[in-house]
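Going down the list, the protein sequences come from chains G, F and P.
Position 205, counted from 1, in the first sequence is what our numbering calls 205; the numbers after and before it change by one each time, with no gaps.
Position 39, counted from 1, in the second sequence is what our numbering calls 39; the numbers after and before it change by one each time, with no gaps.
Position 76, counted from 1, in the third sequence is what our numbering calls 76; the numbers after and before it change by one each time, with no gaps.
The set of hints was computed from the structure by calculation and includes no laboratory data.
It is possible that some hints are incorrect.
Dumping the calculated DSS-like pairs for lysine-lysine here, alpha-carbon to alpha-carbon at most 25 Å [to be verified]:
1. G:K2 with P:K45
2. F:K183 with F:K124
3. G:K287 with G:K225
4. F:K74 with P:K110
5. F:K214 with F:K235
6. F:K183 with G:K86
7. G:K86 with F:K158
8. G:K214 with P:K85
9. G:K10 with G:K237
10. F:K235 with G:K86
11. G:K162 with P:K45
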Amino acid sequence: MKEIVCISGKGGTGKSSVVAALSWIAKDNLVVADCDVDAADLHLIFSPLPRKSEDFFSGVKAVIDPAMCAACGLCADKCRFDAITKSDAGYRVLPLDCEGCAYCYHLCPVEAIRLEEQNVGQCFLSDTRYGCSLVHARLDIGADNSGKLVAKVKHEAQALAKTEAKDFILVDGSPGIGCPVISSLSGADAVLMVTEPSLSAHSDLARLWELIQKFRIPAACIINKADINPRITAGIKTWLMHEGIRHLADLDYDQDFQKAITAGKNVVEENNAKWQPVFAEIWNAIKEIR
Amino acid sequence: MRIAIASGKGGTGKTTLAVNLALKLAESSTTLLMDLDVEEPNGGIFIEGQCIVTIDARRMVPFWQQNACNLCGKCPSLCRYNAIIKLGDYIMVMPELCHSCHACSELCPVNALPMQALPLGTLKHQSLGKLDFVESRLNIGLEQASPLISQALSYADKHFAGHDYQILDSPPGTSCAMISATKTADYAILITEPTPFGLYDLSLAVETMRHLGKPFGVVVNRWGIGNSEVLDYLKRESIPLLAKIPHAREIAIAYSQGEILYQAFPAVDEALNQIIKHIEAAL
Amino acid sequence: MKIVFTASGEGWDARIDPRFGRTDYILVYDEEKNELSSTDNREIKNVEHGAGPKTAQLIFELNPDVLITGNGPGGNAAAILSKMKLKIYVGAGGMNIREAYQAYQNNQLKEGV
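Chain G extracted, bound-state conformation (with noise of 0.2 Å):
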């Protein structure tokens, strides 16, 4: 089983498009994981039908029980976050503020304070109409992306793949370069890397590109919108050959890309003539790369 992990420093390259459409290419020998979970907008591409969901559980939030609250206001005046407010029972905890850091709960000296698990979110483990599966989540107001949601996500698609006997998992995976695009990275077999002939996505694939060279995994490059600056481009493909990684292809800017998804499609369903020989050879080339 191959997994091939999608990423593009930053968001906007058009990496969604770029996954949902060589996910209609493999249609029935993959499945396909969301770990874009702050930007989760595959859904709206596969249309989902969830058969399986689960609740996200991450992190803390301090409660202060009124009925044992002495009111000395210890935690308000440590709180480096100032989430704990004056009530008519003593003292409260502002949830939307809190950050689950614990010290109010040490420090409380009659034990007032208890920590809650926050359910944050749900893990959904989805039909499509490409005939894929899809593994993706959603997170609740606030609630922000980590390694944990990532590892699950991935988890639960590499169990899939497995019961399902699919040979690859398709991973559209976290931008930054923090736990939740270590979490992405961390076990792929390849990465497809989706850029724009930008100085700021350049230098953002750049850094991206220590990491997974840190990781020793194979990768290849498919720069977007690669027409509207020939200079950059030109650049971004020097550096490419310069550092291994394979150069698979330039997508011109095209209206295909914005009709599709306004239409809820992808691009080759959208213009299957034009574009299913061009993501065809992206996906031969990438089920390759070792």
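Starting from the structure of chain G, add chains F and P where the hints point.
Showing chains F and P alone in chain G's frame:
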């Protein structure tokens, strides 16, 4: 009056609106424009004012004092973020994981973890006529935006409380950075584009504003692309539509060249007038 | 020598877990005693951020001479492991423990970090 400009997704025109609205308001009123998109602040592309001050923002992180430490191991058990590890007789602090809660430092029985200031980012304050512009920028490689956003807002509370308007250009999305940026606002303007992605992300931003109990209205940008589902949505949800900004190639080009839009395009100017009228009526 | 492996199961036929921080198990092979034992690391799935450092601390407590894994540790974990007298070998992803050990003995794995 503190107004936050937010969106459920990046790339919908949040900064464009914040900059143009602030500049228009500054024609007659004292206005602060604060760029809180700390990972990628780009409001400064459009504004060239006189630099007043640049502040180095810091964050507090524990620093291990080996000679004071008795290796009791209390600190790793206290830290909820796995930012402190005990390796035999060595205590290692990982600053990127630290949330600056001070628990380990203040609960250490022998005071072996004093807090130390590390670079967090910068606050750059410029002035241009009646406009004060503060750009907050997080240092590269740092993940947590909220601490810098909080410091920027404290700076605004301290120095610009008397201004007629404070316009906050928030980070995109609906995570805790966006909440930090919008929770002290009097009113929020949510900007979206009329596409399915735009509508979905708008619905998340709407949910967030309702959760915060914030009065808000919606501006639809690039009207003309996609479809009109967003208007049906706003009607169903009884959400005020503040203005529609039309999609036009000329506007996109002018924007990409860093130009101020409302001065060149009457449609944009008209949209701003409508927005200002709504806000003043709402408050 | 004491050798540890990141593994997704227990025993010589278990697969190498290519991840470091979130590995399911740490298997320990004591060459002198010819004993293979295991430590269950699966609680790590409850850790939101900083899984690497937490697992690195576990490795520290086991005090091995060699670590054999797939991709290798991320930045923070690597910093912790560098404080130990430990040789790290990567590239064992896809193998089982027996194969990984043989690959290590035949110098077929790459030295990591």
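### Message
For a quick check of understanding: which of the numbered hints are violated here, in increasing order?
### Response
4, 10
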